[in-house]
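Colleague: Please work from the sequences and hints to get the whole structure.
Listed here are the chains, written in short residue letters.
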Amino acid sequence: QKEVEQDPGPLSVPEGAIVSLNCTYSNSAFQYFMWYRQYSRKGPELLMYTYSSGNKEDGRFTAQVDKSSKYISLFIRDSQPSDSATYLCAMNPTSGSRLTFGEGTQLTVNP
Amino acid sequence: EAGVVQSPRYKIIEKKQPVAFWCNPISGHNTLYWYRQNLGQGPELLIRYENEEAVDDSQLPKDRFSAERLKGVDSTLKIQPAELGDSAVYLCASSSTGVASYTFGSGTRLTVV
Chain S
5 QKEVEQDPGP LSVPEGAIVS LNCTYSNSAF QYFMWYRQYS RKGPELLMYT
55 YSSGNKEDGR FTAQVDKSSK YISLFIRDSQ PSDSATYLCA MNPTSGSRLT
105 FGEGTQLTVN P
Chain X
1056 EAGVVQSPRY KIIEKKQPVA FWCNPISGHN TLYWYRQNLG QGPELLIRYE
1106 NEEAVDDSQL PKDRFSAERL KGVDSTLKIQ PAELGDSAVY LCASSSTGVA
1156 SYTFGSGTRL TVV
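Residue numbers (the numbering used here), protein chains in the order written: chain S, 5 to 115; chain X, 1056 to 1168.
Mixed in with the good hints there might be a few duds.
[To be verified] Within a straight-line C-alpha distance of at most 20 Å, the following computed SDA-like cross-link-like pairs (lysine to any residue) qualify:
1) S:46 to X:1158
2) X:1070 to X:1136
3) S:6 to X:1093
4) S:46 to X:1066
5) X:1070 to X:1141
6) S:71 to S:11
7) S:46 to X:1155
8) S:6 to X:1099
9) X:1133 to X:1123
10) S:46 to X:1126
11) S:71 to S:7
It is worth saying that the hints were derived from the structure and are not from the lab.
Modeller: The structure is reproduced here in structure tokens:
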């Protein structure tokens, strides 16, 4: 069993839709939870991170962590075609240590 | 500020040949990582350096892979000999203190034929 599970999609939505991306994990030691966006033939780019449980909002993006359920989410409001990319969740027990990634969800936002 | 720089961007080699990848991290970042990303998968750590010291290399296939980070700045990852299953994107990342500093390069796409 993988430490981090992520639905690979693909996910296709119309422009303006609300997108929900999710990951589950099994390692209770994880404390830092990140969401990366990866465009084709590019490296992952950090979107948001959360320490421990709670919510964090940045513009159209909201990250949620529920450590009791070992479940994290990323919500994208008013999705745009430029949001089309692969979204990777990642987590680690301490800042700077190895990241454990999900396999990524491929998102397409159609104009 | 320049990001993490990797070269080459693409490499095609025949199996059993050697190959090397180079990474220049963000200035001031003491921690350097090499990850491998297979098609349709998330990146997996191969090795992590704190300055010149390799502090996490448990996932590095040491029979054919080697890495070095001389003077605690640039790093080189080598595969010798390459196998078909080594075809992947090799990503370098660097960080200082703080989660937000963790930055990836664009990667080297290796194809072994």
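Colleague: Need the status of pair residue 6 of chain S, residue 1099 of chain X: alpha-carbon distance at most 20 Å?
Modeller: holds (12 Å)
Colleague: For the pair supplied as a hint, residue 1133 of chain X and residue 1123 of chain X, confirm whether the alpha-carbon distance does not exceed 20 Å.
Modeller: The given pair, whose Cα atoms are some 9 Å apart, holds under the 20 Å limit.
Colleague: Given the hinted pair residue 46 of chain S and residue 1155 of chain X, is their alpha-carbon gap at most 20 Å?
Modeller: Since the Cα atoms of residue 46 of chain S and residue 1155 of chain X sit roughly 18 Å apart, the hinted pair holds (cutoff 20 Å).
Colleague: Quick one, are residue 6 of chain S and residue 1093 of chain X close enough, alpha carbons at most 20 Å?
Modeller: holds (15 Å)
Colleague: Is it true that the CA of residue 46 of chain S sits at most 20 Å from the CA of residue 1126 of chain X?
Modeller: Not satisfied, since the Cα-Cα distance of roughly 28 Å exceeds 20 Å.
Colleague: With a cut-off of 20 Å on the C-alpha distance, tell me whether residue 71 of chain S and residue 7 of chain S pass.
Modeller: holds (14 Å)
Colleague: Would the pair residue 46 of chain S and residue 1158 of chain X pass a check requiring their Cα atoms to be no farther apart than 20 Å?
Modeller: holds (12 Å)
Colleague: Check whether the Cα positions of residue 1070 of chain X and residue 1136 of chain X lie no farther apart than 20 Å.
Modeller: holds (7 Å)
Colleague: With the threshold set at 20 Å, check whether the alpha-carbon distance from residue 46 of chain S to residue 1066 of chain X stays at or below it.
Modeller: Holds: residue 46 of chain S and residue 1066 of chain X sit about 15 Å apart, inside 20 Å.
Colleague: Given the hint that residue 71 of chain S pairs with residue 11 of chain S, test it: the Cα-Cα distance must not exceed 20 Å.
Modeller: holds (19 Å)
Colleague: Holds or violated: residue 1070 of chain X and residue 1141 of chain X, Cα atoms, limit 20 Å.
Modeller: holds (9 Å)
Going through the hint list in order, the structure does not satisfy hint 10, though it satisfies all others.
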